[in-house]
Amino acid sequence: MPMPKVTELTINGRRASVNVEPDVPLLSVLRDYLDLTGTKYGCGEGRCGACSVIIDGQLTRSCVTPVAKAADKNITTIEGLAKDRKLHPLQEAFIKADAMQCAFCTSGMIMAASALLNRNARPTREEIVSFMNRNVCRCGVYQRIVEAIQIAVDTGSAEK
Amino acid sequence: MTEDQDDLISIEPERYELLAGPGYNFNLDRRDFIKTFGLGILFIVPTARARSQQRDQDESGRGFGNNLPQEISAWIHIDEAGKVTVLTGKVEFGQNVRTSLTQAVADELHVPVSSIQLVMGDTDVVPFDMGTFGSRTTPIMAPQLRRAAAAAREMLIGMAAEQLQLPSNDLRLVDAHFVNHDKSKTLTLAEVARGRKLVKVIPENISITPPANWTIAGTSVTKVDAVDFVTGRHRYTSDLKRDGMLYGKIVRPATLNAVLRSANTKPAEAIPGVKVVVDGNFIGVAAPDPQTAIKAANAVVVDWQSTTQPSNAELFELLRKPANGGGGRGRGSRPQGSISDGLAVADKKLESTYTVEYIAHAPLEPRAAVAEWTGDKLTVWTGTQRPFGVRGELAEALHIPEDKIRVIVPDTGSGYGGKHTGECAIEAARLARAAGKPVKLVWTRAEEFNWAYFRPAGVIDVKSGVKADGTITAWEFHNYNSGSAGIQIKYDIPNTDIQFHQSNSPLRQGSYRGLAATANHFARECHIDELANAVKMNPLELRLKNIKDQRLRAVLEAATKAFGWGKTKAVNDRGFGLSCGFEKGSYVATCAEIAIERDAKNRKNSQVRIVRVVEAFECGAVVNPLHLKNQIEGAIAQAVGGALFEAIQFENGKILNGRFADYRLPRFGDTPMIEVVLVDRKDLPSEGAGETPIVGLAPAVGNAIFNATGLRLRSLPLTPKGIR
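Read top to bottom, the protein sequences are chains A and B.
All residue numbers for the first sequence refer to our numbering, where the first residue is 1 and numbers rise by one.
All residue numbers for the second sequence refer to our numbering, where the first residue is 1 and numbers rise by one.
Check each hint, because a few of them may be wrong.
In silico lysine to aspartate or glutamate, EDC-like type, Cα no more than 16 angstroms apart, as pairs [said to hold, decoys possible]:
| no. | chain 1 | residue 1 | chain 2 | residue 2 |
| --- | --- | --- | --- | --- |
| 1 | B | LYS295 | A | GLU21 |
| 2 | B | LYS437 | B | ASP347 |
| 3 | B | LYS536 | B | ASP347 |
| 4 | A | LYS96 | B | ASP376 |
| 5 | B | LYS721 | B | ASP599 |
| 6 | B | LYS200 | B | ASP79 |
| 7 | B | LYS295 | A | ASP23 |
| 8 | B | LYS404 | B | ASP124 |
| 9 | B | LYS348 | B | ASP79 |
| 10 | A | LYS86 | B | ASP228 |
| 11 | B | LYS467 | B | ASP341 |
| 12 | A | LYS96 | B | ASP228 |
| 13 | B | LYS490 | B | GLU447 |
| 14 | B | LYS241 | A | ASP35 |
Calculated from the structure, these hints are not laboratory results.
For clarity, every value in this text was computed on a predicted model and none was experimentally measured.
Just chain B, same shape as in the assembly:
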């Protein structure tokens, strides 16, 4: 990524929930900054777009002069005590960006991690940000903060030099102290910031420290507020309490997409302290305690009009019907060569279809919001990956201007792409407005399953040809509905046609960790295995024969070496599988060993157990080896669910398994021994790593099952009912 791409990002078509997003420009005033931050020095970082607009307007390159830039990507404040506050619109959901961004600033500003505090996801004080998704925090936000910190460091050295009456090239900033060459003169950060009232715009052309010279980044810094989490002190949204706060409860429709025909709210309103709101299709209550809220919601007598809706049985047939009525090409790159020519020269031709079911994010903290009105100003605390997006949704739903709304995102109990939208925030705000008191709304687990959105289901058709020597000659790939992420290939195939077709999904769907890269890697990497089998070639050998990309080869070689690929032969009911891939700037290779655990009494109860997984991962320069390993291990453990057993069952507008008793999640006992091999490329910029490590497991396991049993499974989940 180049630095100017920070506001020119593309959004994958399968981020269905993001179709409308609010645009926003700050009106900035230096006095507002002083009011917000108090005394000290504030450094502000214009966005790439603001910088390039400024370049266009000002050929002389004087920068912003007396005008502040309209669009800001981040800012850093140093207060009179020398404490550093970094403000960013990114949010912390367990991916540990609070730590990694702190490391970036500490590294560049030359101050200890402990003197830095990150303010994240508070729309009144942080700069606009589209949201925390797409693995973009590390490649885009971290370099921006580094530029800000590097420029701040140089400006601060200049100020300290002036104060000490020394030439600035005689001063260095070391561990929050300014020192001259013989250490005879020193100043602290606090001594330089004291009494100042400065706003400085970070100039262009700031060079940042290359990874090879990092001192704090690149090391395994402990999660910055780990103590708050292990003691239970951290307050997630669902833990907040406001004076006079009521508890909300929504009366949900009997089926998905049902329409409200009538509601009798009188019995609920008769309960002391209860406020009932009916507005369009929305019915909710607010009460002084959670038990009364449940009682009141149950007391509302509602008549819902339901419609006939599809069920699992028809799902894949439905998804094959394109949303646009069919006919035209799907989305995708231009076809290369000719599929029919490629098939004509092939010794073996294959055609296979792969399917993936809807799965649920099931973040352990369900959606939650606390809404509080002060006059016409609304403050909402909520766990969302898009604080500004949710502010826009609130403005639209409540018909109030965005500048009357503040969204604050406490560090949240995970999301995995499932918390992009603001329905819970809107519901809490609507109830709070009616009640005239703050309202907390925490979705139940059942609500989370029924009224959020799912990872898209999909159907993938692959047609291919291969020569007897393992050269792949044709690759035709159609993904219906699940998405286009990870659909492009790193195999060097002369004839390709790769398309994504949008369909009408029967269930509400949206982003999920890695998006469709999991589905596309599953289909592709299983199919590559089928080709290897067709020409009786080792799957590793066939891959290496068709891949020139050195980074992909490097992870393949690293993973297979650590795994001992080819050293152990498959025996009855024990097998080995392999996959590799590329997505969001990162490279991954996964090896899996599986065992079939036979039930002696009932063969139908036999289960696949994933025994061991080795994954090699390369995302450029590693920022925090400890947290990167943790992300990769976690992604693999989470991927076990989608690979083996997770699937949403639905029928005629009802989710049939929308609770933890019915929807199986991966647990301790399902988790294989995981070994992670990090390929650290200090010569390359760092890429995000929260998503891509999840894509390799399912195909590696599918291929291992084939290796063990000769059974080729082409549907995710692979063995929801065990294996015969």
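With the rest of the complex left out, here is chain A:
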């Protein structure tokens, strides 16, 4: 059995260290050890996107990512999206478009959308659908989530 070792993490700009086995899923570290519970467990096999976080700009399924792989990298979770108590344009847009029902998928949806907009500031509807297709909303709010992302695209470009 490998010895537990300390992993150094940078989450939402803050340093954190955890003393766990290197193969513990990042999702469990965030939720169970650091009490960052905005990131959700939905399936444990990277198929629903509820656990989406961004690591060094890359959209990542934290439920299938060993914590060791995230060491010394910049991790952004839903808790780190709002800056200076001001909601991120995507968060505002999700409220405006009423793009949630039970909202259990919402953190993952917003993180995935944020990764999309970081790489493509003006995605088409087809690009949004194709990129977001790995995230599940069982309440079926898909049409409104697409609309929310389009609203965020428009406000984002208006700000520039």
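Given the structure of chain A, go ahead and fit chain B onto it with the hints provided.
Just chain B now, kept in the frame of chain A:
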């Protein structure tokens, strides 16, 4: 619904999981209320049954006098700061009733939405409620809260008038302020509530504001705690943490219905900090962290005794065998006329069989519970649609009285009828009792598939006759196993025989959004299409010819108009389908356009794509147009799964596709363009809308596939392996 129906509800036979429910009567004491709520004014609302019992006992109509009613349906508290707390046993699962009920109270009490807080689903402080299911929150709980708020408003005006030494007819309550005619005297809600220690019973005969005069209800109020959800701040059950909390893990049987033969727990117990519990068929562990819990559960060496069990291949044959051994009539309304007479006058006769598979609710938040014992008192946080029902289950399983148990339901990550039962709560409570520490248990996705329950599978036989002019003359309908919801018809047919037959289901089954209304609408609305085809009539025309009900005609006309029905002809591999129906007080009509996407290399890989859906919906007076549209769009997107590809595969006690990699869920790319047409009837009471919008899609798509290809598909899902 009349107001006195609130405790006289009927439960559909297919809510199999609810066969036993706890009854409960509060023993109330005014001092307890003050202790719970602190200073201020508390308004309590007796149930209809309590009111009618009081009427029977007290002919003089003095109301409850000094006695508090035994049964309460809701209460409203106003604290010394003027903050309004509404307490209800209903729970929030994404259907947005936290918002709609807040709107009802704000509208009636004349206070802003932001000054109201709803406490929901906490059995120690909210009144008893059977559960949040059956689309009953809007037609039943909302009017009760409105009556409470309206009575509270009038009582408060009386108190304010006394304080200001004005006649009460000179005062109005506007936006949480009392004002007289020339606004020379004002008081805030807080100023009236300050220093009070009052408990008031809401009187009978309170009139509530009709929908035409609503100001806050009827508008698109934003989801009340939306910010908590988009920031990840909201704590679902699975996000809770208690001091010293352990993590639970259950050792599951190798197959469904297996019996425990023996278990060697020593290797698991040797792991530091681990507690193992073996009790009957139950084996579980609790450990200081989730990884140790998994390791410990895997370390238990178990021998399960399995039995031979049915598989998909035999399912429909099995379901045709009635549970009661056969012979008698199934459940249903009395037959009308004579089927043989109706068939004798028909120009065309049809007989078809339709089937539906088991499907899974797959709520994105799996079942979860946190259990904590303080002495002999148990508190369980859990995501259930029936907080009081689960309290009863806990009492029964743990052999403790219900008054030692508090169940708290944080706003939950959906359920769709799948979270009525309390097994996860019971498991967490059993582990916590053994461990002497709080225990959190979150089911894995695989557990959710294997150990919850499914939407029932079913077989439906339809026999019918139609005249050449489109008049339907006979309608015989038998549903085996799936259920009776939505089985009754709005078609005016002189000869009908409609029955539901209960069967022995090979898998555990229970409520699902809309219950059997989806299966019954699928069979009925596809069959109506088959009749239209048999007499070469437009399916819309044939429906309108046989439907007198004005509300159903109205949604049919609204949907087909917005869709442009009949304006576009079906071309090769592109078709249009229609359905309509009625369930739980609401009316729905759905139009779908589908396209067959052919795979040039392999014809077997061709898929049905739902391109566009228009649904018209009428549920009386609309409470929140934004959230209603969202519910309807979501129901349609969810319905895509059951219509096209969702089905549980099982074999000899094993679920074969119990994970997201194997069980296909509707995704962004499967979602059609959805247009919702709301038919707002301000002259009618509001009905629930969480369920009925789901029933129309499957038959509309089935009919559209026929329209495009000439292929009549009679099984749900329609095209799990694509279409040839």
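Consistency of the hints with the structure:
no. : hint                  : in the structure
1   : B:LYS295 <-> A:GLU21  : holds (13 angstroms)
2   : B:LYS437 <-> B:ASP347 : violated (73 angstroms)
3   : B:LYS536 <-> B:ASP347 : holds (12 angstroms)
4   : A:LYS96 <-> B:ASP376  : violated (47 angstroms)
5   : B:LYS721 <-> B:ASP599 : holds (13 angstroms)
6   : B:LYS200 <-> B:ASP79  : holds (14 angstroms)
7   : B:LYS295 <-> A:ASP23  : holds (13 angstroms)
8   : B:LYS404 <-> B:ASP124 : holds (10 angstroms)
9   : B:LYS348 <-> B:ASP79  : violated (69 angstroms)
10  : A:LYS86 <-> B:ASP228  : holds (13 angstroms)
11  : B:LYS467 <-> B:ASP341 : holds (13 angstroms)
12  : A:LYS96 <-> B:ASP228  : holds (14 angstroms)
13  : B:LYS490 <-> B:GLU447 : violated (41 angstroms)
14  : B:LYS241 <-> A:ASP35  : holds (8 angstroms)
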